[in-house]
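Participant: The listed protein sequences correspond, in order, to chains X and L.
Residues in the first sequence are numbered consecutively from 2, following my numbering.
Residues in the second sequence are numbered consecutively from 93, following my numbering.
Check before you lean on any hint, since a few could be wrong.
To be verified - Computed spacing ranges between beta-carbons, pair by pair:
{"no.": "1", "chain 1": "L", "residue 1": "537", "chain 2": "X", "residue 2": "62", "range": "18 to 24 Å"}
{"no.": "2", "chain 1": "X", "residue 1": "46", "chain 2": "L", "residue 2": "95", "range": "39 to 45 Å"}
{"no.": "3", "chain 1": "X", "residue 1": "100", "chain 2": "L", "residue 2": "248", "range": "48 to 54 Å"}
{"no.": "4", "chain 1": "L", "residue 1": "244", "chain 2": "X", "residue 2": "55", "range": "45 to 51 Å"}
{"no.": "5", "chain 1": "X", "residue 1": "76", "chain 2": "L", "residue 2": "376", "range": "25 to 31 Å"}
What the hints assert, rightly or not - Capping the alpha-carbon separation at 30 Å, the derived lysine-lysine pairs in DSS-like fashion look like this:
{"no.": "6", "chain 1": "L", "residue 1": "106", "chain 2": "L", "residue 2": "335"}
{"no.": "7", "chain 1": "L", "residue 1": "621", "chain 2": "X", "residue 2": "69"}
{"no.": "8", "chain 1": "X", "residue 1": "69", "chain 2": "L", "residue 2": "183"}
{"no.": "9", "chain 1": "X", "residue 1": "69", "chain 2": "L", "residue 2": "345"}
What the hints assert, rightly or not - Listing some non-contacts, in silico: residues in chain X with all C-beta distances to chain L over 12 Å:
{"no.": "10", "residue": "31"}
{"no.": "11", "residue": "48"}
{"no.": "12", "residue": "54"}
{"no.": "13", "residue": "58"}
{"no.": "14", "residue": "61"}
{"no.": "15", "residue": "96"}
{"no.": "16", "residue": "97"}
{"no.": "17", "residue": "100"}
{"no.": "18", "residue": "102"}
{"no.": "19", "residue": "103"}
{"no.": "20", "residue": "104"}
{"no.": "21", "residue": "127"}
{"no.": "22", "residue": "147"}
{"no.": "23", "residue": "154"}
{"no.": "24", "residue": "157"}
In case anyone wonders, no lab produced these hints; they're calculated from the structure.
By construction, the Cβ of each residue, glycine as well, lies at the ideal position given by its N, Cα and C atoms.
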Amino acid sequence: MTTRRDFLKTGLAGGALLGVAGCTRPSANGGRVMVLSALIPVMLEGALPDAGETRQKAIATTVAGVDKAISGLSLATQKEIDELFDLLVFAPTRMLAAGVWSPWPEATPEAIGKFLENWRFSRFDLLKSGYAALHDLVFGAWYARPDTWAAIGYPGPPKVE
Amino acid sequence: MHDPFRAGLASGWKHVDASGLTADQRFEADVVIVGSGAGGGVTAEILARSGLSVIIVEEGPLRTSDDFRMRESEAYPDLYQESAARKTADKAINILQGRCVGGSTTVNWTSSFRTPPATLQWWQQAHGLKGLSVEALAPWFMAMEQRLHIGQWPIPPNENNAALARGAAKLGIPVAVIRRNVKMCWNLGYCGMGCPTNAKQSMLLTTIPGALEQGATLISRLRAERFEFSGKRATILDAIALKADGLHPSGVKVALHARHFVLAGGSINSPALLLRSKAPDPAGRLAKRTFLHPVVISSALFDQPVRAYAGAPQSVYSDHFLEQFPIDGPLGFKLEAPPLHPVLFSTTLQGWGEGHARLMKNFANVQTNLALIRDGFHPDSQGGQVSLRGDGSPVLDYPLNATFWEAARRALLAMAEIQFAAGATWVTPVHERTPGYTSWAEARRGIAELALEPLICRVVSAHVMGGCAMADGPERGVVSDEGRHFQIDNLSIHDGSVFPTSIGANPQLSIYGLVARNASLLAAALTGKPRPAIL
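With the rest of the complex left out, here is chain L:
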């Protein structure tokens, strides 16, 4: 299998693995970008193509298709934040986030949705973001859809997704096919461990190579520690090199100088860097209103094999339950199906001993649905808050309140009904206290009475958003709708942390589109030339 990134490195792309540095270093560029995921990647390519010198700083390692062996034991420690075991402060929510070159785009499941019109309308109406209309953003989404080959998925869904479609259809619940950012996809099902065939059009394969082609420098294994400010400007970004284990500082310090800095570390690490830097925050908005699309899970047994580990991980969804109530009413949820692999499934599944083993023996016949609960719109859905531990590392406190659990119960009921309608013989919410159910009637009674509380009902998240919200003025947020920091003139934030609510859909394309717009505006501002054509 050809590894285009390694070929690029051989042709002279500039990559520094900071774990190999033996003495303190100073780097300088027009723009330093912190983070190489959806926001950092798109920014890097657009700025580099505008003729600006660019440095991309990534805390995780550089891993490429030759390294992607589709093994959970390697992928989680290597490619994910905190070995895929990042948790909220009370440990009640497990968070999947990438930590490698390409960020979460290297390990996501390729689901691509434009920001829903209802979300954009809410942002205009409740957050004053008048510039972000469906019409104004459409060209940016279109451009990124072309760049990343986002399109309709023509292959029939795997049985895990087909069961969601079948059950929903029986109940008259509309479903649709998920668009994916893939090119000549082999339909393997291992997107979450890094695409071994370079089909997924992640940042690792598209915009970062695009930036490196233009002479940008990528520095991996380098942790951005803090900004130094002078008046209204960031002057230096202090960073520390990590050892090859990716955990311990090597002792080498790196000072990054730039005219402009772009922060794109994601919704936990970006606010944390600003907190460590003691960035001005006069309105007290920083690191607040962090959203997760908290997910509850329903697993079902079928008589026939489901093989949820094989085939495109996510290809079917339903927005039916997002549209039931007003957007700021009882929380809505999006239905999807996740890929199942032995570590992910066994650690998520409740119980131990014989009970756990019995369910695992049926692993190939397990079908699972997810409900992604839309947070950040209802007055009682204020999300979480990022703070710093004593060692400066971030932790997210995300309380799960009654408004959330009310939606979680509706979601568990909806998923169970769909699974029985699809032909399941047994359904269990992922919850420590349920015996599981053999009919919809039994599930309806059981789930209605189930005690829903943290650490008893399993909650997970793969979508961290907010914390550096966009707003129409400094009293209401951290950055403008162009991503410019309200107090620091030469600092922009280009990642999902700028969303003032959750998205209500898998967020990668929302980040690509908004950042394409804002990076183009930034390129024009920094070069004094007209806004670049981005393709």
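Here chain X stands alone, though its shape is the one from the complex:
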């Protein structure tokens, strides 16, 4: 309904703020880890262990897996991924473009789920592709790990001697 307001938010204000976000590079120094640590339990609900230490460990390993995957992307794509996480970390753009009002560690699963759905079905290709990048990075990092395979009935590669 609020076509014009949405456009201003993401098109204009978001763009200008993204410039600021990019200058200060907020996703460095642990910002990316903070966002991923909040997103992963929501995106991997149903796949992660239910609770406790193994769950925390699985989240941390997945964060590390995403980092590793990003480091293998082309330098041009790495720059775009940096910009994506800048936008998510920098508080004003987190609120305006992602619609997440509390800092990531305090965001509820519902708020994070709403953010994912908003971006997934956004009218802006940029936000849709942001969702797609998070989707591919998180699921790619999770299912790359042999310890996730038993749960999906994948036996892993055969032995070749």
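For this one, chain X is given, so just place chain L on it according to the hints.
Facilitator: Chain L in isolation, oriented as in the chain X frame:
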């Protein structure tokens, strides 16, 4: 397991890993070939056997069977362009392309088709390529089929492919068996991660060793940056060495001198190198009309295990929907099945959270069909365009228009009907907005109404073609049907970028056959001897 490439290196084959170079270098040969995939490999062997000195330049790493551990976490970053996450400019199409010695042939799924006669007829009729008739190319295809052991696949298809055959048969849709370039294949299903048993007759195992046996030099981790031109000749190819990470330049520069240069970097990197070099392009044809066979995907659940990760990845296909309409009419599509592995499948599958996890839990019972949509024939199917980012790296802009989506909808319908006919209990197009369907009647209604748009309906590609099109004259293309550049006398292009349309089939054998012909003609031209017998 014996690793023949490592044995060859031990016997004295010349390989330079440019990431290990510590000072600027100059290399010289009769011919410098950029790229070691289907086009570069075949060219290297034919030229080297003609007595020419050859250097093969490859941006990716040298990896051989001992390195191929069938793990997606290693194979994608190591062997693919951009970690198998190369995308079009709007991110709507994910592109799988190899980036290692052997190029895409090291990681492809071995499907081998000659260029379809309908495609060649169209090239003759609409693109003036009179020399490329079915009859004229047949001996070249035959020669490469023998060289690469391309033949009928005698083992029964895995269930993923068998379901495509079964469903199609129930509906009266003809299917056929895919020929494969394998020798003593173990039927493992991991072709996409590099063949661990050296069964796949990729360039890594055939033509590149053939060239190295003749004294050719292979330089890996070396990025071809730009040609220097003097008048109508390319004089030097400037290249930069990459660090061992394959991403960052090491700072070492390499200058490659040659009498003749052959460009075989594939349909994104070849036009990009010419753009960076500011190559003459008087007709404005360079880097235009890039084709992808854009693929839409339909996944199905079966009660019994499918195990789409095991067994020859692709063994069944149907061309029924390519033949429904005239070639320049509504876009046709080829039906195939893909191998499924956890990373490839989970990243392609829509959704997140519980919904995604529920589908993944049934991973072993998932069957998937692909529709490869034939682009480049219909007047509204002009493909995409490669341009350069600020850092000189290429990006492909490929708009998906209404003509494409019309075909995509027919393809999603056809695949769902086949999957239900094969016994599926649930079918979903790979699309963000579908709930999935439990019957063909429900799917038919649902898919008919589905909004098809970029980044909502998943589109992927493993076949990049065009961008340096062959034509009958410089006003209509970039190279002649012999692959000779129209403006630069000592430059040839020997890869899928020369195709003036898509192929309408998995393109590896189309590249092998055409390049075998053109490399033989080039060998004769450069040596002044009769055209070589290529086997």
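Participant: All the hints need checking, so say for each whether the structure fits it.
Facilitator: Going through the hints against the structure:
| no. | hint | in the structure |
| --- | --- | --- |
| 1 | L:537 x X:62: 18 to 24 Å | 43 Å, violated |
| 2 | X:46 x L:95: 39 to 45 Å | 43 Å, holds |
| 3 | X:100 x L:248: 48 to 54 Å | 52 Å, holds |
| 4 | L:244 x X:55: 45 to 51 Å | 49 Å, holds |
| 5 | X:76 x L:376: 25 to 31 Å | 29 Å, holds |
| 6 | L:106 x L:335 | 20 Å, holds |
| 7 | L:621 x X:69 | 52 Å, violated |
| 8 | X:69 x L:183 | 21 Å, holds |
| 9 | X:69 x L:345 | 28 Å, holds |
| 10 | 31 | 23 Å, holds |
| 11 | 48 | 4 Å, violated |
| 12 | 54 | 21 Å, holds |
| 13 | 58 | 18 Å, holds |
| 14 | 61 | 17 Å, holds |
| 15 | 96 | 22 Å, holds |
| 16 | 97 | 21 Å, holds |
| 17 | 100 | 16 Å, holds |
| 18 | 102 | 21 Å, holds |
| 19 | 103 | 20 Å, holds |
| 20 | 104 | 21 Å, holds |
| 21 | 127 | 9 Å, violated |
| 22 | 147 | 8 Å, violated |
| 23 | 154 | 4 Å, violated |
| 24 | 157 | 8 Å, violated |
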